[in-house]
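Asks: Protein chains in written order, with the numbering used here: chain A, 1 to 257; chain B, 1 to 165.
Don't read these hints as lab results, they were simulated from the structure.
The structure presented is a predicted model; accordingly, all values stated were derived computationally and were not measured.
It is possible that part of the hints are untrue.
[Unchecked claim] Okay, derived cross-link-like pairs now, DSS-like style, lysine-lysine, Cα gap no bigger than 27 Å in a straight line:
#1 Lys89(B) with Lys183(A)
#2 Lys89(B) with Lys39(A)
#3 Lys145(B) with Lys35(A)
#4 Lys35(A) with Lys183(A)
#5 Lys95(A) with Lys157(A)
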Amino acid sequence: MRFLGAIAAALLVVGAVGAAEIPQADRRSGYSFMKPDTKTMQDDDTANPGMLWVLNGETLWNRKAGAADKACADCHGNARASMKGVAARYPAFDKATGRPIDLEQRINSCRTNHQQATPLPFESRELLALTAFVARQSQGAPIETGADPQLAPFVAKGRDLYMQRQGQLNLGCTNCHDDNWDKRLAGAAITQGHPTGYPLYRLEWQSLGSLQRRLRACITGIRAQAYDYGAPELVELELYLMSRARGMAMEAPGVRP
Amino acid sequence: MRNPGSRPLRRKSLARRTYRMLDPILAGVLLVLPGCAAATELRSYAVIDDAIPQSLTGMAGDATRGRALVVERSSTCILCHNGPFPEQKFQGDLAPDLSGSGSRWSEGQLRLRLVDASRLNAETIMPSYYRVDGLTRVGTLWRGKPILSAEQIEDIVAYLASLRE
Chain A
1 MRFLGAIAAA
11 LLVVGAVGAA
21 EIPQADRRSG
31 YSFMKPDTKT
41 MQDDDTANPG
51 MLWVLNGETL
61 WNRKAGAADK
71 ACADCHGNAR
81 ASMKGVAARY
91 PAFDKATGRP
101 IDLEQRINSC
111 RTNHQQATPL
121 PFESRELLAL
131 TAFVARQSQG
141 APIETGADPQ
151 LAPFVAKGRD
161 LYMQRQGQLN
171 LGCTNCHDDN
181 WDKRLAGAAI
191 TQGHPTGYPL
201 YRLEWQSLGS
211 LQRRLRACIT
221 GIRAQAYDYG
231 APELVELELY
241 LMSRARGMAM
251 EAPGVRP
Chain B
1 MRNPGSRPLR
11 RKSLARRTYR
21 MLDPILAGVL
31 LVLPGCAAAT
41 ELRSYAVIDD
51 AIPQSLTGMA
61 GDATRGRALV
71 VERSSTCILC
81 HNGPFPEQKF
91 QGDLAPDLSG
101 SGSRWSEGQL
111 RLRLVDASRL
121 NAETIMPSYY
131 RVDGLTRVGT
141 LWRGKPILSA
151 EQIEDIVAYL
161 ASLRE
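Using the sequences plus the hints, can you model the full thing?
Replies: See the structure below:
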């Protein structure tokens, strides 16, 4: 809260031109922009295609892997207890690298360091499944990302990227997601860009996908150079978006058009 | 004002200079310019008041081709705009309805709005369709190229000018 207050104050000083951030009370999940049948698909576990990844992830959670021959469960036990609320705090500060890492990167660092297994490629079925399974344990929990003061400079970098105009269309994220979220871009409702549901099943993808995949799609949409998966800039954007959504409820696995 | 390829930076008011989006844009100018040798040569044009009175190609555009372009997704127009295109189910509503554009604006005014709307309103979200400078992190597919060619701009200008009400 104090953090958001500081941003609001900084904006007032910078001047009245351009975007204002969305007031707390007006924040809305992408869910609220969807048609009733898509909402039902997300709400009903038996209809939500993302649950296939969650179930798959549960199997992987309990399967031994790597030279250490250990399963996630061997260290973390029952995920329903140990992983509750964890995804709602990511990206988080990683002491080893001195940088924020997202949930996918955390899972991969456990794989390399504790399981002595090869890291899973971004967007691979296994990594999405494990991420979905862990994120699911935070469903309904309020987002808390960004509370750690060590993250502050990285949140600020993410915010700069979010504000910056880029690409051949010369647009910033803020131009759509702060200034025009009540409008439509051709057929699509422009949401406020809150990352409440990731990883999520997108009907257009016919698949589950990560937040990084979504961000790369918006970046390519404005005809800018998409950052590579795992690039620090993407993690900083994720971090800014999650801290911007602080207090909103986690929905993973979400469904979006 | 000639030579759009090296658009001089205009004097900014104090409010403009402190505008938080300006810094990255200026940084972008410095980064982008050295690459410009390989860039598509833009034709020069003269801005008089709020218009570019002369055709970019020296010829009149084709309104039929212009309409086809406007409704095509790749031109990006109807991502934001709507207009008299009953056959198009998905149109945007971020920007004014294009119906009657030809009654509100002269051809020259429409041409400048397409070429570089940011000259009229520095904060506009409407992209500059015939400009390669002052952009940041343009994807390799699009780098150094304007969004539309001079011929395409003229076709769209001819079409918009025909929209009367």
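Asks: Does the structure keep Lys89(B) and Lys183(A) at a Cα separation of 27 Å or less?
Replies: 16 Å, holds
Asks: Verify the proposed pairing of Lys145(B) with Lys35(A), using a straight-line Cα cut of 27 Å.
Replies: Distance ~38 Å between Lys145(B) and Lys35(A) Cα, so the pair is violated.
Asks: Lys95(A) and Lys157(A) were given as a pair; does the straight-line alpha-carbon distance stay at or below 27 Å?
Replies: 19 Å, holds
Asks: Compare the distance between the alpha carbons of Lys89(B) and Lys39(A) with 27 Å, and conclude whether the hinted pair is satisfied.
Replies: Measuring from Cα to Cα gives roughly 23 Å; hence the hint holds.
Asks: Can the restraint linking Lys35(A) and Lys183(A) be considered satisfied, given a maximum Cα separation of 27 Å?
Replies: 15 Å, holds
Checked against the numbered hints listed earlier, the structure breaks hint 3 alone; every other hint is satisfied.
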